[in-house]
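Produce the entire structure from the sequences given, and follow the hints as far as they go.
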Amino acid sequence: MPDAEVVLITGTRTGIGRFLAEHFASRGALVEGCSRNPPEWALEGYTHHCLDVADEAAVRAMFMDIQKRHGRLDILINNAGIASMNHILLTPLATLEKIMATNLYGTFLTCREAVKLMQRRRYGRIVNVSTVAVNLRLEGEAAYAASKSAVVTFSQILAKEVASFGMTCNVVAPTPIETDLIRHVPEEKIRRIVESQAIKRAGTFEDVANVVDFFVKKESSFVTGQVITLGGIL
Amino acid sequence: MSTSSEVSIERAGIVGLITASAQDVLQMRDGAEASLPELGEETRLIGQGAILDSLGLVSLIVEVEQRLSDELGIDLILADERAMSQKRSPFRSIGALADYIYGLITGQGPHA
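Read top to bottom, the protein sequences are chains A and B.
Residues in the first sequence are numbered from 1 upward in steps of one, following this note's numbering.
Residues in the second sequence are numbered from 1 upward in steps of one, following this note's numbering.
Note that these hints are calculated values from the structure, not bench results.
It is possible that some hints are incorrect.
Claimed, not checked - Derived lysine to any residue pairs resembling SDA-like cross-links, with alpha carbons at most 25 Å apart:
{"no.": "1", "chain 1": "A", "residue 1": "K218", "chain 2": "B", "residue 2": "M28"}
{"no.": "2", "chain 1": "A", "residue 1": "K98", "chain 2": "A", "residue 2": "D52"}
{"no.": "3", "chain 1": "A", "residue 1": "K160", "chain 2": "B", "residue 2": "I46"}
{"no.": "4", "chain 1": "A", "residue 1": "K160", "chain 2": "B", "residue 2": "D80"}
{"no.": "5", "chain 1": "A", "residue 1": "K160", "chain 2": "B", "residue 2": "A79"}
{"no.": "6", "chain 1": "A", "residue 1": "K68", "chain 2": "B", "residue 2": "I9"}
{"no.": "7", "chain 1": "A", "residue 1": "K68", "chain 2": "B", "residue 2": "I74"}
{"no.": "8", "chain 1": "A", "residue 1": "K160", "chain 2": "B", "residue 2": "L57"}
{"no.": "9", "chain 1": "A", "residue 1": "K68", "chain 2": "B", "residue 2": "I77"}
{"no.": "10", "chain 1": "A", "residue 1": "K160", "chain 2": "B", "residue 2": "L26"}
{"no.": "11", "chain 1": "A", "residue 1": "K68", "chain 2": "A", "residue 2": "N37"}
{"no.": "12", "chain 1": "A", "residue 1": "K68", "chain 2": "B", "residue 2": "I61"}
{"no.": "13", "chain 1": "A", "residue 1": "K68", "chain 2": "B", "residue 2": "G13"}
{"no.": "14", "chain 1": "A", "residue 1": "K68", "chain 2": "B", "residue 2": "L76"}
{"no.": "15", "chain 1": "A", "residue 1": "K68", "chain 2": "B", "residue 2": "Q23"}
{"no.": "16", "chain 1": "A", "residue 1": "K160", "chain 2": "B", "residue 2": "A50"}
{"no.": "17", "chain 1": "A", "residue 1": "K160", "chain 2": "B", "residue 2": "D24"}
{"no.": "18", "chain 1": "A", "residue 1": "K200", "chain 2": "A", "residue 2": "N210"}
{"no.": "19", "chain 1": "A", "residue 1": "K217", "chain 2": "A", "residue 2": "R122"}
{"no.": "20", "chain 1": "A", "residue 1": "K98", "chain 2": "B", "residue 2": "E81"}
{"no.": "21", "chain 1": "A", "residue 1": "K68", "chain 2": "B", "residue 2": "E65"}
{"no.": "22", "chain 1": "A", "residue 1": "K218", "chain 2": "A", "residue 2": "A4"}
{"no.": "23", "chain 1": "A", "residue 1": "K160", "chain 2": "B", "residue 2": "M84"}
{"no.": "24", "chain 1": "A", "residue 1": "K160", "chain 2": "B", "residue 2": "L55"}
{"no.": "25", "chain 1": "A", "residue 1": "K189", "chain 2": "A", "residue 2": "L96"}
{"no.": "26", "chain 1": "A", "residue 1": "K68", "chain 2": "B", "residue 2": "E71"}
{"no.": "27", "chain 1": "A", "residue 1": "K160", "chain 2": "B", "residue 2": "E81"}
{"no.": "28", "chain 1": "A", "residue 1": "K160", "chain 2": "B", "residue 2": "E65"}
What follows is the structure, given as structure tokens:
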């Protein structure tokens, strides 16, 4: 029987991250996860790290721990993200800094350390998470969407830089899903976003997992630098 | 940078660690059967006459970081701002890289 795949998912305390942790654990993967606060759940085959993904020393320590316990990493899913919905004129610089720290710096740090670990086996799958707010240029989400635009460009360049190491890096951009991230977004705004989709329904965790599954398949070795946006946002 | 308790390290040991890492990277690139070039302090890592291309250098840096951590309990990032901003790259040769790492470990600053 081949070794179980080792998967690291960031932002696993709630929402999409938790769902993905359960999803990968259910198929026998060894799942590592992280969030700033401990989760209120436990799972067989799951190990949690309490850290801020923008804390370089803490991120490096997590990867050293993964290296020591598993000696490898097959899949990284950068799900951790924060948002702040407000007009630009009402957005303090500190808010932008926080959003960039988690969404961009966190993605940068985990990708860099993951590639170091993955390159030894000349194999790896990285999936970063963006948002439909990038395509839709949603008012009130300038800081959040800008951070995710940066994640997309970063991912596409990373895809080129690690291709010769046998690694891929792709992006999934979900539509609104009922999670903590959008709990302060007015219902009317969510309704308008859903109306702008070709497929007019709210997204689900399963929709995201489906795209992630495609990206991380061994057979997807010829797919990299791509963004799949859910819901038919064009 | 963090070091485990009472690590005593000679510069020659670092040269050996870099050389072993370079051999690994070259073998990974060329296959285990391929004949390796002779490696020494003067061996160029970048620029004209270098044994590695840019991707090979990336692999070497990662390999050296990993061995420093695994074998000596020394955790450091070689491609830090100080390294990248130096006029003469610490990655130009095995000897220069050994000097740079030795300087970081002993807290004497880079010699490069």
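Exercise. CA of K68 (chain A) to CA of E65 (chain B), is that 25 Å or under?
Worked result: Between K68 (chain A) and E65 (chain B) the Cα gap is close to 14 Å, so the pair holds against 25 Å.
Exercise. Would the pair K68 (chain A) and I9 (chain B) pass a check requiring their Cα atoms to be no farther apart than 25 Å?
Worked result: Holds: K68 (chain A) and I9 (chain B) sit about 22 Å apart, inside 25 Å.
Exercise. Given the hinted pair K160 (chain A) and A50 (chain B), is their alpha-carbon gap at most 25 Å?
Worked result: With Cα atoms ~23 Å apart, K160 (chain A) and A50 (chain B) stay inside 25 Å; holds.
Exercise. Does K68 (chain A) pair with L76 (chain B) here, judged by a C-alpha cut-off of 25 Å?
Worked result: Cα-Cα ~16 Å, so holds.
For this session: Starting from K218 (chain A), check that the Cα of A4 (chain A) is at most 25 Å away, please.
Result: Measuring from Cα to Cα gives roughly 14 Å; hence the hint holds.
Exercise. Is K160 (chain A) close enough to M84 (chain B), meaning Cα to Cα at most 25 Å?
Worked result: It holds: about 21 Å lies between the C-alpha atoms, which stays within 25 Å.
For this session: Please work out if K68 (chain A) and G13 (chain B) have their alpha carbons no farther apart than 25 Å.
Result: The given pair, whose Cα atoms are some 23 Å apart, holds under the 25 Å limit.
Exercise. Keeping to a limit of 25 Å between CA atoms, is the pair of K98 (chain A) and E81 (chain B) held or broken?
Worked result: Status holds; Cα separation ~23 Å.
Problem set entry | Pair hint K160 (chain A) and L26 (chain B), alpha-carbon separation not exceeding 25 Å | holds, 22 Å
Exercise. When you check the alpha-carbon spacing of K68 (chain A) and I61 (chain B), does it fall within 25 Å?
Worked result: holds, 19 Å
For this session: Quickly compare the C-alpha distance for K160 (chain A) and I46 (chain B) to 25 Å and report which way the hint goes.
Result: holds, 21 Å
For this session: Quickly compare the C-alpha distance for K68 (chain A) and N37 (chain A) to 25 Å and report which way the hint goes.
Result: Holds, at roughly 23 Å.
Going down the numbered hints, you'll see the structure goes against none, and every one checks out.
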